[in-house]
Amino acid sequence: EAGVTQFPSHSVIEKGQTVTLRCDPISGHDNLYWYRRVMGKEIKFLLHFVKESKQDESGMPNNRFLAERTGGTYSTLKVQPAELEDSGVYFCASSHEQGAEKLFFGSGTQLSVL
Amino acid sequence: QKEVEQNSGPLSVPEGAIASLNCTYSDRVSQSFFWYRQYSGKSPELIMSIYSNGDKEDGRFTAQLNKASQYVSLLIRDSQPSDSATYLCAVNRDNYGQNFVFGPGTRLSVLP
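If you read the protein sequences in the order shown, they are chains A and B. Quick note, the first sequence lines up with residues 3 to 116 if you use my numbering. Quick note, the second sequence lines up with residues 114 to 225 if you use my numbering.
Isolated chain B, as found in the complex:
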């Protein structure tokens, strides 16, 4: 079993819809969770972080964490074509250092 799993996609949603990206992780001691967005040929860019169970909202983005189920998700409301990218889920076992474990990424395509 991989440490961090994501559906590779592509996930296609129409413009204006809600895109839902999912991630599961295997290490129960994981403490912090991140979503990175990566456009083709560009560097990963942090868009959301979450540390405790529940929802965290930032603009059109909502991260959801359920540690009991070892599940973290990212919702993108009012999806725009500019949201089309690969979304990487990253898990860190502690808050010191960035020995992240990344998932393979989900490719999102928002159709105009």
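Here chain A stands alone, though its shape is the one from the complex:
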């Protein structure tokens, strides 16, 4: 069974540009989460999808971030325009049930905004 996959693994962009991160959850997992870890800080929750619906987006830092999950399969996280403080590792995770033990993480996208 394929795990949670994220693309790209690394992205280097300039301030003001747009970047789109993609996450493919484990097939059949209705729950999809985005987290991020900025330099030197802890991993922080961004948002939670149940199928194509946003269940909780309380962690989204501002309106430069837009997450979508059309069709309830893969998800994208777009940052537009990117700022220096957006640099960090963006993790995606998925689960079949809402039991915490079933949460599987992807290996993350390292985003560097110069």
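What the hints contain is simulated information worked out from the structure, not anything from laboratory work. In this text, all values refer to a predicted model and were calculated from it rather than measured experimentally. Careful, some of the hints might be misleading.
To be verified - Only pairs whose alpha carbons sit at most 20 Å apart, straight line, appear in this in silico EDC-like list of lysine to aspartate or glutamate:
#	chain 1	residue 1	chain 2	residue 2
1	A	K43	A	E99
2	B	K155	A	D26
3	A	K46	B	E116
What the hints assert, rightly or not - Away from chain A, derived, C-beta distances all over 12 Å, residues of chain B:
#	residue
4	V117
5	V126
6	G129
7	S133
8	N135
9	R173
10	T175
11	K180
12	S186
13	P194
14	D196
15	F213
16	S222
As the list claims (entries may be wrong) - Going by beta-carbon spacing under 10 Å, a handful of chain B positions derived as facing chain A:
#	residue
17	G167
18	A181
19	Y184
Glycine is no exception: its CB is placed at the ideal position from the N, C-alpha and C atoms.
Given chain A, put chain B in place with the hints provided.
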């Protein structure tokens, strides 16, 4: 005060020793507690979960929870060099959804 605190380390222990990792949390209503292991450049991997006070053992790993003291720990017995990684403490306020609050992680180094 941060919601979940851990010593960043590095914590160095010799091979075969017991590694003790500690975590404190500030929100008293927290219900579930998790330890994730993360190798450099890899995804966090769940290794232990604990929900009630006391100890929970799984192989070489023991999680300990003390809700009164708002403290959770992870013991690794017979530490191996392959245990060298960053260990993340995560706290969830309920069992629905995974709006986890993570600690900054403790880097463990097991010396051969």
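Evaluated hints:
1. A/K43 - A/E99: Judged against 20 Å, a Cα distance of about 28 Å means the pair is violated.
2. B/K155 - A/D26: 16 Å, holds
3. A/K46 - B/E116: With a Cα-Cα distance of about 11 Å, the restraint between A/K46 and B/E116 holds, given a limit of 20 Å.
4. V117: Violated, since 7 Å does not exceed 12 Å.
5. V126: 23 Å, holds
6. G129: B/G129 is indeed farther than 12 Å from all Cβ atoms of chain A, at 29 Å.
7. S133: Given a closest Cβ separation of 20 Å, the condition holds.
8. N135: Given that every Cβ of chain A is farther than 12 Å from that of B/N135, nearest at about 15 Å, it holds.
9. R173: Correct as stated: the minimum Cβ-Cβ distance to chain A is 19 Å, above 12 Å.
10. T175: 17 Å, holds
11. K180: Non-interface label stands for B/K180: nearest chain A Cβ at 17 Å, farther than 12 Å.
12. S186: Label holds. Min Cβ-Cβ 18 Å, cutoff 12 Å.
13. P194: B/P194 clear of chain A: closest Cβ-Cβ about 22 Å, beyond 12 Å.
14. D196: Given a closest Cβ separation of 19 Å, the condition holds.
15. F213: Nearest chain A Cβ is 6 Å from B/F213, so the label is violated.
16. S222: B/S222 clear of chain A: closest Cβ-Cβ about 19 Å, beyond 12 Å.
17. G167: It is violated, given that the least Cβ distance between B/G167 and chain A is near 18 Å, above 10 Å.
18. A181: This interface hint is violated because 22 Å lies over the 10 Å limit.
19. Y184: 18 Å, violated
Hints 1, 4, 15, 17, 18, 19 from the earlier list are contradicted by this structure; the remaining hints agree with it.
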